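S.K.: Each chain is listed here by its residues.
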Amino acid sequence: MMVDLSAIASATPYLLSGLWFTVQITVVGVTGGIVFGSLLAVARLSRNRLVSTLATAYVNLMRSIPLILVIFWVFFLVPWAIGWMTRSGRPVAVGASLTIFVTFVLFEAAYYAEIVRAGFRSISPGQYSACEALGLSKFHAYIYILFPQAIRNVLPILLTQTIVLFQDTSLVYVISATDLLGAATKIAQRDGRLVEMYLTVGVIYFVVCYAASQFVKQLQGRLAYGAR
Amino acid sequence: MIEINSVSKSYGSFQVLKNCSASIARGEVVVICGPSGSGKSTLIKTVNGLETIDSGEINVGGFRLAPEVTNVAALRRSVGMVFQSFELFPHLTVLSNVTIAQTKVLKRSKAAAEEKARSLLARVGLSAHIAKHPAQLSGGQQQRVAIARALALDPEVMLFDEPTSALDPEMVNEVLDVMTGLARQGMTMVCVTHEMGFARSVANRVLFMDGGEIVETAAAAAFFDAPRSERAKAFLAKILKH
Numbered sequence: 005m006m007v008d009l010s011a012i013a014s015a016t017p018y019l020l021s022g023l024w025f026t027v028q029i030t031v032v033g034v035t036g037g038i039v040f041g042s043l044l045a046v047a048r049l050s051r052n053r054l055v056s057t058l059a060t061a062y063v064n065l066m067r068s069i070p071l072i073l074v075i076f077w078v079f080f081l082v083p084w085a086i087g088w089m090t091r092s093g094r095p096v097a098v099g100a101s102l103t104i105f106v107t108f109v110l111f112e113a114a115y116y117a118e119i120v121r122a123g124f125r126s127i128s129p130g131q132y133s134a135c136e137a138l139g140l141s142k143f144h145a146y147i148y149i150l151f152p153q154a155i156r157n158v159l160p161i162l163l164t165q166t167i168v169l170f171q172d173t174s175l176v177y178v179i180s181a182t183d184l185l186g187a188a189t190k191i192a193q194r195d196g197r198l199v200e201m202y203l204t205v206g207v208i209y210f211v212v213c214y215a216a217s218q219f220v221k222q223l224q225g226r227l228a229y230g231a232r
Numbered sequence: 453m454i455e456i457n458s459v460s461k462s463y464g465s466f467q468v469l470k471n472c473s474a475s476i477a478r479g480e481v482v483v484i485c486g487p488s489g490s491g492k493s494t495l496i497k498t499v500n501g502l503e504t505i506d507s508g509e510i511n512v513g514g515f516r517l518a519p520e521v522t523n524v525a526a527l528r529r530s531v532g533m534v535f536q537s538f539e540l541f542p543h544l545t546v547l548s549n550v551t552i553a554q555t556k557v558l559k560r561s562k563a564a565a566e567e568k569a570r571s572l573l574a575r576v577g578l579s580a581h582i583a584k585h586p587a588q589l590s591g592g593q594q595q596r597v598a599i600a601r602a603l604a605l606d607p608e609v610m611l612f613d614e615p616t617s618a619l620d621p622e623m624v625n626e627v628l629d630v631m632t633g634l635a636r637q638g639m640t641m642v643c644v645t646h647e648m649g650f651a652r653s654v655a656n657r658v659l660f661m662d663g664g665e666i667v668e669t670a671a672a673a674a675f676f677d678a679p680r681s682e683r684a685k686a687f688l689a690k691i692l693k694h
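Just so you know, the protein sequences line up as chains A and B, in that order. Taking my numbering, I'd label the letters of the first sequence as residues 5 to 232. Taking my numbering, I'd label the letters of the second sequence as residues 453 to 694.
Read the hints as simulated data drawn from the structure, not as lab findings. In this text, all values refer to a predicted model and were calculated from it rather than measured experimentally. Glycine included, every Cβ here is placed at the ideal spot set by N, Cα and C. Any given hint might turn out to be false.
[Said to hold, decoys possible] Pairs of lysine-lysine, DSBU-like flavour, derived with a Cα cap of 35 Å:
| hint | chain 1 | residue 1 | chain 2 | residue 2 |
| --- | --- | --- | --- | --- |
| 1 | A | 142 | B | 568 |
| 2 | B | 685 | A | 142 |
| 3 | A | 190 | B | 497 |
| 4 | A | 142 | B | 690 |
| 5 | A | 142 | B | 584 |
[Stated by the list, open to error] Covered stretches of chain A, as calculated for chain B (at least 3 residues, CB under 8 Å):
| hint | region |
| --- | --- |
| 6 | 125-134 |
| 7 | 151-157 |
| 8 | 172-181 |
Input sequences plus hints: build the corresponding full structure.
M.R.: What follows is the structure in structure tokens.
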């Protein structure tokens, strides 16, 4: 078996454009996931039964079905749902990119919600009392006091989840999107260079994820309060 | 200043407060003491609404607190509280700990809040530490920051819930000194504490609690020299033995 390095070189620009889309999905998934996930976490901790039950149900649903299925759902069902809601009766094209961004935010939010919730639970009850005693509103207490501590307490887990998210983006190949793996697949099939392409993307995934996990490991040591 | 009228509270079938009544005048320093589990901490926390009450009512400087009253924002602005475990915000600097409620609750400008914070931190002897984080301070220093943080909102009443119980013995006095200074300046103070020396020399009156009841209320000197109730005698005999 021969490995043709020139095949890799000529494929590099296309692979990089795929990697760029992978990074975009990750950034949107992380940002949207943490924002929506934090709201879900606060909702789950709410004393309002209806609010906490709805948030809990959402989180449990998303965590109990495979990501690949959610991608299918959003890609194939949402166009029909929009068509039905607008009463045109025809499916409305949503586009692969938008589908993917929405899916990852909805799906990852469930995981981030659980992590952020653990962060809130790790804060001593006395901190909540201190916020109350100072007359801080719930909103101010969460934004300035509780959320920063919660995130800090679970930052290593949040980043680890983000590494998993980065790898999970490869699932978008099922709707033929051109992420890193999608780009590699297309070239591999066009040029018959399966070995070169799949080895190359394997190395890229490994380098990015391993470097990120080493960073997380370092961060853990530096995060303890007072250790600065 | 503070009127506590027939306040009762239960956790399930366990009654923590049984028909407690007390009256505290402006400028008075009152110490609440009693064996552990007697309801002292619960009682002090009802005064700023951290603990709800099942019956009775509490008046604090014109604010009426009753079981059905849920909006206590105005009350908390006029009552400062210091906790046993300090509860400083660990992710903020000492200065930010003292400014945050000023800017968010009282809507003071950042400059005004910092000026106030600096002067309060100077008053509790911590000017050199304003840029540090709480974890870099000793327990006594942290508790003094917590006192400054509570004072920053210009409270009319200060509540202290066992402020020295979590401290190493050599740090107790620096906190008691700050509290004594505060008392001398005329602050209305309610302190749950086991520091009987502080109670005797600084407090005007002592409330003795046992089993959820206020068993005895007396002038501080009278309470220590001649307790009236048997339960207070037994308590004092235990803690003053050594």
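S.K.: A separate judgement is required for each hint: does it hold in the structure or not?
M.R.: Checked hints:
1. A hinted pair counts as satisfied when its Cα atoms are at most 35 Å apart, and residue 142 of chain A with residue 568 of chain B qualifies at roughly 24 Å.
2. For the hint linking residue 685 of chain B to residue 142 of chain A, the alpha-carbon distance of about 45 Å lies beyond 35 Å, and the restraint is violated.
3. A hinted pair counts as satisfied when its Cα atoms are at most 35 Å apart, and residue 190 of chain A with residue 497 of chain B does not qualify at roughly 67 Å.
4. Restraint check: the Cα-Cα separation between residue 142 of chain A and residue 690 of chain B comes to about 43 Å, which exceeds 35 Å; the hinted pair is violated.
5. Proximity of residue 142 of chain A to residue 584 of chain B is assessed by CA-CA distance (about 26 Å); at most 35 Å being required, the pair is judged to hold.
6. Chain B is given as covering the region 125-134 of chain A, and this holds because 5 residues of the stretch bring a CB closer than 8 Å to a CB of that chain, at least three being needed.
7. Note: the region 151-157 of chain A has 3 residues with beta-carbon separation from chain B under 8 Å; the three-residue rule is met and the coverage holds.
8. Against chain B, the region 172-181 of chain A contributes 0 residues with a C-beta closer than 8 Å to a partner C-beta. That does not satisfy the three-residue criterion, and the hint is violated.
Comparing the model with each earlier hint shows violations of hints 2, 3, 4, 8; every other hint is respected.
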